[in-house]
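Engineer: Below are the chains, spelled out letter by letter.
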Amino acid sequence: MYGEGDALGGAVAGWTWADHPMAPGYGHLHRTAFVKERVDPTHPADSDSLLSTDDEWIVDMDDDPSAAPDTQSNTPVLTVQQYIVYSPTFQVPALYFTIHDSSGSPLPLDRLLSTTLFQRPFPMTTTATSSAILLPPPDSSLSEPEDAPAPFPLLSQGDHPILGTPCWYFHPCETSVAVKELMDAREREQEQGRQPGSGEKLEGEALWLRWLKTWFAVLSTVVEMRS
Amino acid sequence: MSHRYTTRPATHNHKEFQPTSLSSNPRHSNPNPASTSLFRRLVWEGTVPLEIHVDPKELPANSDRGLDSYFIQAPRVSYLPLLIPDIRKNLVDLILDETAIASVKEDDWWFEELDTGNVMKWHWPIGLLFDHHTISVSTQSSQSGVLSTPAAPAPLRLTLHFVSPPTDKLIIQPSAETCKQAFMGQVKEADFLRWGNTKRVTGLRKQEQDGLWDGVKDHNFDDFWRVASKIFPMPTAFVPILLHDNALPSPSPSHINNFNSTQSQIQSQARPASTDPASGQHQDRDGAYNVRSIPVRVYLPSGGPVLQDLVSPVAEEGRESKPNTLRNFLHTQLPLLFPSPPTSPLAYALVQGVLAPPESEMAWLGACLAGADGWVNICVGVGRPRI
Numbered sequence: 001m002y003g004e005g006d007a008l009g010g011a012v013a014g015w016t017w018a019d020h021p022m023a024p025g026y027g028h029l030h031r032t033a034f035v036k037e038r039v040d041p042t043h044p045a046d047s048d049s050l051l052s053t054d055d056e057w058i059v060d061m062d063d064d065p066s067a068a069p070d071t072q073s074n075t076p077v078l079t080v081q082q083y084i085v086y087s088p089t090f091q092v093p094a095l096y097f098t099i100h101d102s103s104g105s106p107l108p109l110d111r112l113l114s115t116t117l118f119q120r121p122f123p124m125t126t127t128a129t130s131s132a133i134l135l136p137p138p139d140s141s142l143s144e145p146e147d148a149p150a151p152f153p154l155l156s157q158g159d160h161p162i163l164g165t166p167c168w169y170f171h172p173c174e175t176s177v178a179v180k181e182l183m184d185a186r187e188r189e190q191e192q193g194r195q196p197g198s199g200e201k202l203e204g205e206a207l208w209l210r211w212l213k214t215w216f217a218v219l220s221t222v223v224e225m226r227s
Numbered sequence: 001m002s003h004r005y006t007t008r009p010a011t012h013n014h015k016e017f018q019p020t021s022l023s024s025n026p027r028h029s030n031p032n033p034a035s036t037s038l039f040r041r042l043v044w045e046g047t048v049p050l051e052i053h054v055d056p057k058e059l060p061a062n063s064d065r066g067l068d069s070y071f072i073q074a075p076r077v078s079y080l081p082l083l084i085p086d087i088r089k090n091l092v093d094l095i096l097d098e099t100a101i102a103s104v105k106e107d108d109w110w111f112e113e114l115d116t117g118n119v120m121k122w123h124w125p126i127g128l129l130f131d132h133h134t135i136s137v138s139t140q141s142s143q144s145g146v147l148s149t150p151a152a153p154a155p156l157r158l159t160l161h162f163v164s165p166p167t168d169k170l171i172i173q174p175s176a177e178t179c180k181q182a183f184m185g186q187v188k189e190a191d192f193l194r195w196g197n198t199k200r201v202t203g204l205r206k207q208e209q210d211g212l213w214d215g216v217k218d219h220n221f222d223d224f225w226r227v228a229s230k231i232f233p234m235p236t237a238f239v240p241i242l243l244h245d246n247a248l249p250s251p252s253p254s255h256i257n258n259f260n261s262t263q264s265q266i267q268s269q270a271r272p273a274s275t276d277p278a279s280g281q282h283q284d285r286d287g288a289y290n291v292r293s294i295p296v297r298v299y300l301p302s303g304g305p306v307l308q309d310l311v312s313p314v315a316e317e318g319r320e321s322k323p324n325t326l327r328n329f330l331h332t333q334l335p336l337l338f339p340s341p342p343t344s345p346l347a348y349a350l351v352q353g354v355l356a357p358p359e360s361e362m363a364w365l366g367a368c369l370a371g372a373d374g375w376v377n378i379c380v381g382v383g384r385p386r387i
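The listed protein sequences correspond, in order, to chains A and B.
Sequential numbering from 1 applies to the first sequence in UniProt numbering.
Sequential numbering from 1 applies to the second sequence in UniProt numbering.
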């Protein structure tokens, strides 16, 4: 489902390491990217339009050349500061970002979702508040409304763990679960001979690398990660 | 509402409030539920003095400029947005004339420290804002060797602005709703750190989850702890046990794929033995010494990073386990400021505004001195404390 090497080349390019000014070695990866707002009159920028018609994960990222582009060349460019930061709570990397327009104002959530930063259609069912995107909990249809479990946040705001500045971030819990599922699936397929590789358990740096590549792939289903 | 803030006597007096491991034997820690409740109530009732000034440049022409500041004795466990109704009623509405009152938008309100210009993060508990200010002030005007007598602390002077919140320093849309979301996020992170999953929080019904925030909002100890007692650990008795040769796990790639491996390793190494297996199992499952990590953050004076790392409730001493102490933890995090005994430390640690004794057990701090969101916020100041 995901390939290594060239398919991820765009996702892993352009990152630099930045230390906290007072704590060398305590740092994060940083990249600046530029996106635009989609201008498509048939798809108003609200969260409903981001839902796919099925609940499938959309994994084919190739642009369909026959589709009309949904941004125009004179649409203003928005600046995205992307950070890959180690989450000390969840002990995995997490993607933090800020997005500003050309006057330096941060974008509110509804405009954020309709930029080219986010894949279309959005690969999962979500609800949005003014300050977060939420995933419904499993089996919520089975409970009484007052007993219903609360939705999980997928994207919300928080302090950058190193810089302390406010950013949007994807909850590491969700991405980690997805990465683990994919890695387990690949291991099974290798054991069954359906994937190249000896099926030996990876360790150390090789394991970390595989994990990180899978993480980039998972994020790419939601966020445009190519630089 | 305003009476509660303005007339409550200051309880911020570190002489009355000395957290210690209450047993004389440092290995067998506090199993007494009454004292746990006592310390949790002391934390809940703790307050700090705030002096709120309105920015005179933002006052429209017809404002009453005679009334320029408002003192609040604010709860440590509360948050700035929760003070806004009080400040509105007892300061802002008295200063502004009727047209101005009708047009003022609380969504754009923000606070900065009057003396330094530091923007106040509204998603930090008020107690943390105050302690962070204390350690930052002591660093700027360091006069070493002088330990001041305990006196009422000077209020934290804040300027209230009505417009143009600095969006590079504050999370946008600082409404009570985003404050609640940020709070619940921290509650879940604390739950995750303790147990490797957030089942205790997500297992609460929505009504109960809302009850946590409502307890903070209404400042009601009983309402808050009715729910919080389901997710906070209890400091049950700690019994030292013999450790195996590879006692405490260190992070390794295999842990990426199994969040529970660290937790189960620590549990299997350090679960206290119990004479009654049935009741012991049930108690210990939520015991403070069974968590895989205590939710702790270390704050350094202005400009320094916020440090967060795994904090095990137990440490090794030879072949036995013993409770992890504050001195041991600070030594691992900041070895130059907190060298091994007998060298004296070059810094001090504030927890809930109190100079925490070095022998305080981390597990006990996590169970009894945490904030409402479950986090133990340790503010480290350089030099000798001036509180």
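It should be emphasised that the hints constitute simulated quantities derived from the structure, not laboratory data.
Just so you know, not all the hints are guaranteed correct.
As the list claims (entries may be wrong) - Here are the computed lysine-lysine pairs in the DSS-like style, where the Cα-Cα straight-line distance is at most 30 Å:
| no. | chain 1 | residue 1 | chain 2 | residue 2 |
| --- | --- | --- | --- | --- |
| 1 | B | Lys180 | B | Lys105 |
| 2 | B | Lys206 | B | Lys230 |
| 3 | B | Lys199 | A | Lys213 |
| 4 | A | Lys180 | B | Lys206 |
| 5 | B | Lys199 | A | Lys180 |
| 6 | A | Lys180 | A | Lys201 |
| 7 | A | Lys36 | B | Lys169 |
Engineer: Could you run down the list of hints and mark each one as holding or not?
Structural biologist: Each hint, compared with the structure:
Our distance criterion of 30 Å between C-alpha atoms is met by B:Lys180 and B:Lys105, whose separation comes to about 19 Å. With a C-alpha separation of about 14 Å, the suggested pair B:Lys206 and B:Lys230 falls inside the 30 Å cut-off, and the hint holds. Taking the CA atoms of B:Lys199 and A:Lys213, the gap is near 29 Å; set against the 30 Å cutoff, the hint holds. For the given pair, A:Lys180 sits about 28 Å from B:Lys206 by alpha-carbon distance, which is consistent with the 30 Å threshold.
About 19 Å separates the Cα atoms of B:Lys199 and A:Lys180, which keeps this hinted pair within 30 Å; it holds. A hinted pair counts as satisfied when its Cα atoms are at most 30 Å apart, and A:Lys180 with A:Lys201 qualifies at roughly 14 Å. Only pairs whose Cα atoms come within 30 Å are accepted, and A:Lys36 paired with B:Lys169 is accepted, the gap being roughly 24 Å.
Of the numbered hints given earlier, the model fails none.
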